[in-house]
Amino acid sequence: MRKSDLINNISEKTGIPKVDVLVTVETLLKEIKQSLISGENIYIRGFGSFITKKRAAKIGRNIKKNSAVHIPEHYIPAFKPAKEFVSEVKTNYKP
Numbered sequence: 058m059r060k061s062d063l064i065n066n067i068s069e070k071t072g073i074p075k076v077d078v079l080v081t082v083e084t085l086l087k088e089i090k091q092s093l094i095s096g097e098n099i100y101i102r103g104f105g106s107f108i109t110k111k112r113a114a115k116i117g118r119n120i121k122k123n124s125a126v127h128i129p130e131h132y133i134p135a136f137k138p139a140k141e142f143v144s145e146v147k148t149n150y151k152p
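In my numbering, the protein residues as written are 58 to 152.
Rather than coming from a laboratory, the hints here were simulated on the basis of the structure. Mixed in with the good hints, there may be bad ones.
Said to hold, decoys possible - Taking lysine-lysine and the DSSO-like style, the derived pairs with C-alpha atoms no more than 30 Å apart in a straight line are: (1) Lys137 - Lys151; (2) Lys147 - Lys70; (3) Lys70 - Lys137; (4) Lys110 - Lys137; (5) Lys111 - Lys90; (6) Lys110 - Lys147; (7) Lys60 - Lys137; (8) Lys122 - Lys70; (9) Lys60 - Lys75; (10) Lys111 - Lys70; (11) Lys60 - Lys140.
Please construct the entire structure, taking both the sequences and the accompanying hints into account.
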């Protein structure tokens with residue numbers, strides 16, 4: 058499912074115009090990004106948590122030059138699903 062499919066589905070189920078749904082979804086995603094960039098995690102009860110994880114500094118390898126490369130510590134975004142969400146997917150998943 059793509060973002061456009063998601064917007065179409067929400068619009069059909071709620072009767073809200075697609076433009077309004079698009080603006081809402083875009084704003085939601087922008088707020089999630091901005092919160093994670095500012096170091097604030099987002100917790101949505103029953104769905105999951107958007108968090109930042111710290112990656113420690115390490116020594117990597119440049120295979121082409123066969124040399125060591127220092128990779129500094131950095132933060133990456135991550136999603137941790139809620140237990141209810143995981144159990145619901147496990148019991149109702151249909152490929």
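These are the hints, each one checked on the structure:
1. Lys137 - Lys151: 22 Å, holds
2. Lys147 - Lys70: 25 Å, holds
3. Lys70 - Lys137: 27 Å, holds
4. Lys110 - Lys137: Distance of about 11 Å is within 30 Å: holds.
5. Lys111 - Lys90: 16 Å, holds
6. Lys110 - Lys147: Holds: Lys110 and Lys147 sit about 25 Å apart, inside 30 Å.
7. Lys60 - Lys137: 20 Å, holds
8. Lys122 - Lys70: 55 Å, violated
9. Lys60 - Lys75: 12 Å, holds
10. Lys111 - Lys70: 39 Å, violated
11. Lys60 - Lys140: 25 Å, holds
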